[in-house]
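Line order of the protein sequences matches chains B, H, E, F and V.
Under my numbering, think of the first position of the first sequence as 14, with each following residue one higher.
Under my numbering, think of the first position of the second sequence as 14, with each following residue one higher.
Under my numbering, think of the first position of the third sequence as 14, with each following residue one higher.
Under my numbering, think of the first position of the fourth sequence as 14, with each following residue one higher.
Under my numbering, think of the first position of the fifth sequence as 14, with each following residue one higher.
If you're looking for bench data, these hints aren't it; they were derived computationally from the structure.
One or more of the hints may lead you astray.
Pairs count within a copy or across copies, as identical chains cannot be separated in the list.
[Stated by the list, open to error] Derived pair list, reagent style DSSO-like, types lysine-lysine, alpha-carbon separation capped at 30 Å:
#1 233 to 359
#2 110 to 231
#3 359 to 110
#4 231 to 166
#5 233 to 110
#6 359 to 231
The structure displayed is predicted, hence computed values, not measured ones.
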Amino acid sequence: MTLRVRKPPVGAAPGTLVMDPEALSSVVRVFSYDEDTLEENESVGVEEIGELRTVGRKLWVDVQGLGDERLMRQLAESFSIHPLALEDVVHVRVRPKAEPYEQNLLIVTRMLRQGHGDPLDVEQVSLLIGRDYVLTFQETYGDVLDPVRRRLKVQNSRIRSHSSDYLGYVILDTIIDAYYPLVERVGDRLEILEERVLSEASPETLRELNSMKTLLMKLKRAIVPQREAVNTLVLDDHELLSENVRIHLRDTQDHIVQLAEGVEQARELVNGLMNIYLTVVSNRMNEVMKTLTIVASIFVPLTFMAGIYGMNFANMPELEVSWAYPTLLGAMTLVAIGMVAYFWRKGWIGRR
Amino acid sequence: MTLRVRKPPVGAAPGTLVMDPEALSSVVRVFSYDEDTLEENESVGVEEIGELRTVGRKLWVDVQGLGDERLMRQLAESFSIHPLALEDVVHVRVRPKAEPYEQNLLIVTRMLRQGHGDPLDVEQVSLLIGRDYVLTFQETYGDVLDPVRRRLKVQNSRIRSHSSDYLGYVILDTIIDAYYPLVERVGDRLEILEERVLSEASPETLRELNSMKTLLMKLKRAIVPQREAVNTLVLDDHELLSENVRIHLRDTQDHIVQLAEGVEQARELVNGLMNIYLTVVSNRMNEVMKTLTIVASIFVPLTFMAGIYGMNFANMPELEVSWAYPTLLGAMTLVAIGMVAYFWRKGWIGRR
Amino acid sequence: MTLRVRKPPVGAAPGTLVMDPEALSSVVRVFSYDEDTLEENESVGVEEIGELRTVGRKLWVDVQGLGDERLMRQLAESFSIHPLALEDVVHVRVRPKAEPYEQNLLIVTRMLRQGHGDPLDVEQVSLLIGRDYVLTFQETYGDVLDPVRRRLKVQNSRIRSHSSDYLGYVILDTIIDAYYPLVERVGDRLEILEERVLSEASPETLRELNSMKTLLMKLKRAIVPQREAVNTLVLDDHELLSENVRIHLRDTQDHIVQLAEGVEQARELVNGLMNIYLTVVSNRMNEVMKTLTIVASIFVPLTFMAGIYGMNFANMPELEVSWAYPTLLGAMTLVAIGMVAYFWRKGWIGRR
Amino acid sequence: MTLRVRKPPVGAAPGTLVMDPEALSSVVRVFSYDEDTLEENESVGVEEIGELRTVGRKLWVDVQGLGDERLMRQLAESFSIHPLALEDVVHVRVRPKAEPYEQNLLIVTRMLRQGHGDPLDVEQVSLLIGRDYVLTFQETYGDVLDPVRRRLKVQNSRIRSHSSDYLGYVILDTIIDAYYPLVERVGDRLEILEERVLSEASPETLRELNSMKTLLMKLKRAIVPQREAVNTLVLDDHELLSENVRIHLRDTQDHIVQLAEGVEQARELVNGLMNIYLTVVSNRMNEVMKTLTIVASIFVPLTFMAGIYGMNFANMPELEVSWAYPTLLGAMTLVAIGMVAYFWRKGWIGRR
Amino acid sequence: MTLRVRKPPVGAAPGTLVMDPEALSSVVRVFSYDEDTLEENESVGVEEIGELRTVGRKLWVDVQGLGDERLMRQLAESFSIHPLALEDVVHVRVRPKAEPYEQNLLIVTRMLRQGHGDPLDVEQVSLLIGRDYVLTFQETYGDVLDPVRRRLKVQNSRIRSHSSDYLGYVILDTIIDAYYPLVERVGDRLEILEERVLSEASPETLRELNSMKTLLMKLKRAIVPQREAVNTLVLDDHELLSENVRIHLRDTQDHIVQLAEGVEQARELVNGLMNIYLTVVSNRMNEVMKTLTIVASIFVPLTFMAGIYGMNFANMPELEVSWAYPTLLGAMTLVAIGMVAYFWRKGWIGRR
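Using the sequences and the hints given, assemble the complete structure.
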C-alpha cells in the first residue's frame, strides 16, 4: 500500500499557482437559475467567465478537470477567490477542511470510488460557496453530482427557491452520501471473510484481511477530516450559512458520524478476524503436532521391542520358545491399546 | 457479523420522505389525559389526527409501524414536525441522538431485544416531545412501553399531574432500563464462558467468545450515542424541559453511564478470556510436545542400542558371550531410568 | 467473575421507593452535638425521628441496614430528601457520585472490604449533608466509621467545633482512606506473583494473575467514579460546603488520585506479568523442542547406520572383514560427536 | 537507537549562556531590504551588528553556526533577545515551540535531513520575528533556506512588499515543506518492505521494519511539537503577526497536520507489516512441522512392520511362507497410501 | 517490583501531624540574604526559629530530615503553614503537586536518584514559597541543592537581587534538571539492550527489559504529576509569583515536557524491544524445528529401507542377487540427495 502526502514544490511561494502538469484540461458548465428559470451553459470559455457575475442570478459553476491555468485565474478574479484557496483547489491531495475567507467559504472534500479495477479512485472535490454562487471543482470528468443536476432541473425544486448556500449543502450531502455504498460493500466483504477465516484460513485470506485494513485506513483518513470540517460548519456562525442550512448540516453531520463509526467498527472487526485467523492457524499446528505425537508415541516403543528380538546374541533363550513370538505380538498390541487409551483420555483422539 | 449503516437513496433531497417499502403498516393509539381523566383511542385513523390537537388536553400519540406515508405527513402537519425530524423518524438506522427543533424536541433511541432466536432484534424508537404532547414512533408492534401505559392509567399517576415532558422522560427511562436484563444476561454468559475456557477451550468456545464480542460491540454502539444524547438533554437548557425533569434525567444519565461501563467492563473481560484461551491452547501444545519428546527421547536411543546388536558382522565377539544379552537389557533399563529421572528433574514428568 | 449492574424493576416509576427484600433491617444511631456536648442515642425508633430536627443542635444520623421502608420515608420527610436521592440511597449498586439537591448534598460512595473468605465485600455508603446534619446510610452493620465516632467523642474535637459539612468531609475521607490497605495488599501479592512467574509459571499462576486483574478492575470501577465525584465537590461552588472544607477536600482528592494511579500502575504490572508468563511458557516449549531435536538428530542417523549392517544381503563383503565392526563403532562415535559439536556451536547445549 | 534529551549543565543559572564547545563558528549574512532595494552582506562581523538596527530598513539576519559567544551576546543586545530565548537558540535539542516575548516572537523548529549516510541529520533552526527584522539561527552551514533567499532577491517579490512577519512565515513554511520528501521516501520504502515481508520475511526484513519504526518515531517527535507551535501561532492573537500572515499560517497548519497524519498512518502500516511478518514466520513453522509429521507418520509405522519380521524367533511360521514377503510389501504400500490419503484429506498435502 | 502508595493512619484526623517514626532527625540550615549580604546559619535550633522572621531579610530555611515534631510545629507557626500543607510535607509519598494556600505556595516534588546499589532512591522534596522566604524540606541529608547554595553565595548573584519566588524557581529548576542524567542513562542502557536482544535474546535480557520497564514506570509516575504541577504554576495567576518568574517557569515547563516525552519514547522503545525479543525467540524455535525435520526426514525413510532387507523371510530373492546391496546403497543416496534438494529449494538449507 502506498502512503501519499501532497508534495508541494519545496520553497514555492505560498499561494503561488503551480499547476499539476498531469491535470486534465478544464471543462466548465454553468447553471444560472432563479426560482422560476434555469439556464445551462455547457463548455463555457474563459472569456465568458468574466461576464458571469453580472448576470444577477444565482450561479453554479461546475469545473471538471483542473489543468487550465488561465481559467483558474479568471475564476479567482471574478469570484474573489483568495490565492490560498485557489492553491488548495488546484493542488489536489489537500486535507479535507472547511475554511472561511472574506467573501466566500471553501470546503475541500475527498471522494473515494471503486473504479473498474480493484484499487480505489480518490478524487478531490472542492466547493466554494459565495453570496449568490457555488463553484465546484472536480479532478476528473465525473458524474458524482449528476443527482444534484437532476434535482436542480426539476421545476419547483427546493434548491432553486433557496439561496445558494442551500445548493452548497445539497452538493456536500450528495458527496458524503456517496460513501454509504462503499462502507456497505466493506460490510459485505467482511461477512464473507469471516466465514472464510473459520473454514479456510489460507494465507490468501490473510492478504485479503490486510488489504481490507488498508482500505479502511484510507476511508478513515478521508472521512475523519470531513467530519471535523462539517463540525466546524455546524458550530461556527458563518454569515454565509443560513440558520436553515445549518439545521440541514446537522443531518449531514449525523451521516458522517455514522459513517465514521461504521468504519471504526469495521476496523475492529478486521482486527478481530485477524486474531481469529491466528488462532485458527495455531489450532491447526496443534492438530499437526498431535498427529505426529500419537503416531510416534505408539510406534517408536513398538519398534524398539521388535529391535530387541532382532539382535543376534548367541544366548537369547526367549528366541527358542515356541510361544514367545505370539506373546510378544500380544504385548505389542497391549502397549498400542494402552497408548491409544491414554491419548483418548487426554482428549487428543476421537472426542474433540 | 454484519456491519450495518443506513443507506439513504444517494442524491435524494434531504428531508424528502422516502418510505421504506418493507416498513410495517402503522397503528396509532392516542392517549389524551389531564390530571383527572384519561381517554384511550386505539387505531386512530388518518383523518382523526388533524383534530387531535384541538382537544386541549395533553396527548400521547403512540405510532407502531412506520409504513403509512399519508399518516406520517398528517402527523407532521398537525404537530409541526420538521421535515428532517420526520425523515429521521421514518428512516430507521439513524444514530441515537437528541435534537431540538423550533417547536419540539426529537429523541431517537435504539432498543435491543433478544428475540426468540439468537440474534438481537434492533428497533428504533423515536420520541417527539412538544409543549402538550408526546409522540412515539416504533418500528414494530411491541410491548416495550406497556409499563408506561399501565402507570398512565393509574389514578393519581404522577405522569398525569406533570406536564408532557415528564411523560417523555418516563418513556425514555423505560427504554433505557430495558437494557439492564440484556447486560445482565451477558454477565451470566461470561461467567459460564470463563469456566469453559479454563476447562475445555474448544474452538467452539472461541466462536462463542467472538459472537459475544460482536454482541457487546452492538450494545456499545447502541448505548454510547444515547449517553451523549441524554448528556445533551441534561446540560442544554432546552425550554421544553422543566427543571424537575432535568433532575430526573440526571438519574437516567446515571443509569446509562452505568450500562456503558458495564459493557466496557464486559468487553475487557471478553478480551481477557480470549487471551486465556490462547494461553490454554498454547499450554496444551506444550503438553503434546512434552509427551512426544519424552517418548522419543527414551526409545530412540534404546532402539539404536538394539540396532547395534542386530548387525550381521562376522566378527562381533560380544554376541557370543553368554551374559552379554542380560547385560545389555540392564544397560537399556539404566538409560531409560536416567532419561525419566532427567525429565522428572526438569519438571516434565510427574509433578506439575 | 461476574459482571454486576443494578437491575431496577423495569418500568417502575422513577423515584418510587422499591425496597430490596433482602436488605437488612435498619438500625439508627443518632449523635447530636455542639462544641461542648455530645449526646448519643442508639437504636432510635421511627417515631423519634420526626422530633430530631427540632433539637437545634448538629446531628449525625447513622443508619445501618436499609430494609425499613417506614423509617426511610420518615427520614425523607424530616430531612427533605428528594425522592430520587432516597431511591439512590435504598437501591444499592448505584454508581458513586456527588449530586446537589435543593436542601442537601448526596454523596454515594462504594466500599470494598476483604471479607473472611477470598471475594471482596462491596458495600454502598451514602452521605447526605445538610445545613446542620449529616445522614449516613450503610448496607450492612459495619465498623468502617468507628474512627469517626471515636474522634467525635473526643472533647475539643475539631469535628464538633466546625459545621456539619466538616463532619461530612471527615466521613468521606475515612471511607476513601480505607482503600489504602487494599491497594497495598495488591502490591504485596503482585510482588510475590512476579517471582512466581519467573520461577514456576504454572497455569495456577495464570489463574491468579487473572483473578488479580478482575480485582483491579473492580477497584478501578469503584475508585474512578469517586474521583469524579470528589472532583465535582472541589470545583463546584456548592453553598453547603465552606471554603475550609473545600481546602480539605483537595487533600481527599489527592488521596483518591493517588489510589487511582496505584490501581492503574498495578494493572500495567499485571499485564506485564502476563506477557512474561507467556514468554516463559514459550521459552520452555523451546527447551522441550531442543531436547527432542538433539536426541533425535543424534540417534536417528546412528540407527540408520546400524540398520544398514543388519540387512541380510548375501553379498555384503564388509560383514566378513574382521575390523569392520570396530570401525563402524568408531564412525558412529564420530557422527555423534560431530552432532554434539554442532549443537554446542549453535548454543543449544551447555552454554545457555 | 538512541534516545536523546538535552542535558543542560545541572544547576546552571537558567538563562546563562553556556556555549556548546562543539558548536561551529558563526557566519552571519544580513539582508536589508525594502520594497524596492535589497542589500546583501555576507560574513558580517560582530562590530557591525550593533549598527544594523539603525539602518531603518527591514532586516533578515541569517546566522549559521552557533559557536560564537560574543556575536550571540551582541545580537541579544541589539535585538532585545530575552536571556531565556537566547539560551534556547544556543542550546540545541530544545523542544520545538513558539514563544512570545515582549519585543519579539521565538519559534524553534527542528529539521530532519537524510544525510549522505543512512542516519538522519537533525538540525535545530530558530526564528526570531520582531517588528522589522527576522533572525534565523542554524546549527550547521546549510542550504535549507536557499529558496527563500532566491525569492527574496526577485524584484517585486511579495516578501519584500510585506512586513517582516511575512518573511518569518515564508521561512517557517519552507522548513516545514522540507519534511514532505522525507515522508514520501518513507512511503516508498514501506511499499518495498510490504512486498518483501510477504515474499521473504527474513530477520533482515524485521530489522528494517524496526529501523523504520525508529525513524518514524523521530519524525513524529519532530513534527508533533511543531504542530502545537503553529497551532499556537494561528490561535493566539500575537500583535507581531498580521491578519494576512495568520491566514497564511492556517495553510502551514494544514500541511503540518497532513504530515503528522502521514507519519501516524505510516506507523500503523509498519505495525501491520510486523504482524504480517509474525504470521508469515508462524505459517512457515507450520509447514516445517507438517513435513516432519507427514514423513514420520508414514515411515515410522512401516519401519515397525519391517522390524517385526527382522526378529529372530525360532518359531515365526510366516517367514517360511513363500508369498509372505510380497504380501507384506503390499500391506506396507497400502498403509503408506492410506496415510497419504489421510493427509490429503486433511489438506496437508497437495491442495493448499 | 513494588507498588507503593502512601498509607495514612486510617481514620486519623486530616491535618493531624502523625510523624513517621523512621524519619531522620531534622537539621536546619538558614540562609538570610539581601542583595548585598548573605548570612548562613548551620544547625539552627528550634528556639531560634521563632525569631527568624523578624530579621527583615529574605530567608531560605533548608530542612533536611523530617523527624523532629517540635521543629515542624514551630516552623508551621512562624511561617503560617496550613495544617494540610504541613501534613503533606511530613508524610512523604505525597503525589507531586502545586497547591496555593493563603499565605504561601506549597510545591511537592519527587527526586529519583540512582544510589550506590541498583534500585532507585526516591526522595520527596517540598518547597514552601512565601512573600520573603522559601522553605525546603528534604527526606534525607542530601546534596541535591548544593548548586543552588553555591550560586546563592556568589556576589551579584541574580538570585539575591530578585525576590524570594525567584529562589523558589531556581530550586525547582535544579530539582527537575536532575532528572536528565537519569533519562540519559536509560537511553544508554537501551542502546546496549537493543544490540543484546538481536544477538543473544537470553531470558536474562528479558529480565533486564522488564526491570527497565519498571524503572520507566517509576520515572513516569514521578514526572507526569510534576508536569501538571508546573503547568498549574505557569497558567494560574498566583500573586506570589512575579511575571518574570512565570516566564522562567515556562522554561522549566519545556524541560519537564521534554523529559516526559523522553520517558514515553523510552517506554515505546522497550515495548518494541520486547516484541523483537519474542520474534527472535520464535525464529530460533523455527530453526530448531527445521533441524529436527531435516534430520528426521532424511534418515527415517532410509532406516525403513534398511529395515526391509533386515527381514528374515525365507523367500526374498533380492537378497541373493550380488549387485542388490550396492544398488540399494545407491538408491539410498539418491533418496537422501532428493530430500536435501527439496529442503534446499524450500530455503530450509544453505541459503538463508
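Comparing the hints with the structure gives:
Taking CA atoms no more than 30 Å apart as the test, residue 233 paired with residue 359 passes in neither setting, with 48 Å inside one copy and 40 Å between copies. In this assembly of identical chains, the alpha carbons of residue 110 and residue 231 lie at most 30 Å apart whether taken from the same copy (16 Å) or from different copies (27 Å). Taking the shortest alpha-carbon separations for residue 359 and residue 110, neither the intra-copy value of 62 Å nor the inter-copy value of 52 Å comes in at or below 30 Å. Proximity of residue 231 to residue 166 under the C-alpha cut-off of 30 Å is found in neither arrangement, the shortest distances being 35 Å within a copy and 42 Å between copies.
Taking the closest pair of Cα atoms, residue 233 and residue 110 come within 30 Å of each other both inside a single copy (14 Å) and across two copies (22 Å). Taking the closest pair of Cα atoms, residue 359 and residue 231 never come within 30 Å of each other, the shortest separation being 48 Å inside a single copy and 36 Å across copies.
Hints 1, 3, 4, 6, counting from the list given before, are not met by this structure.
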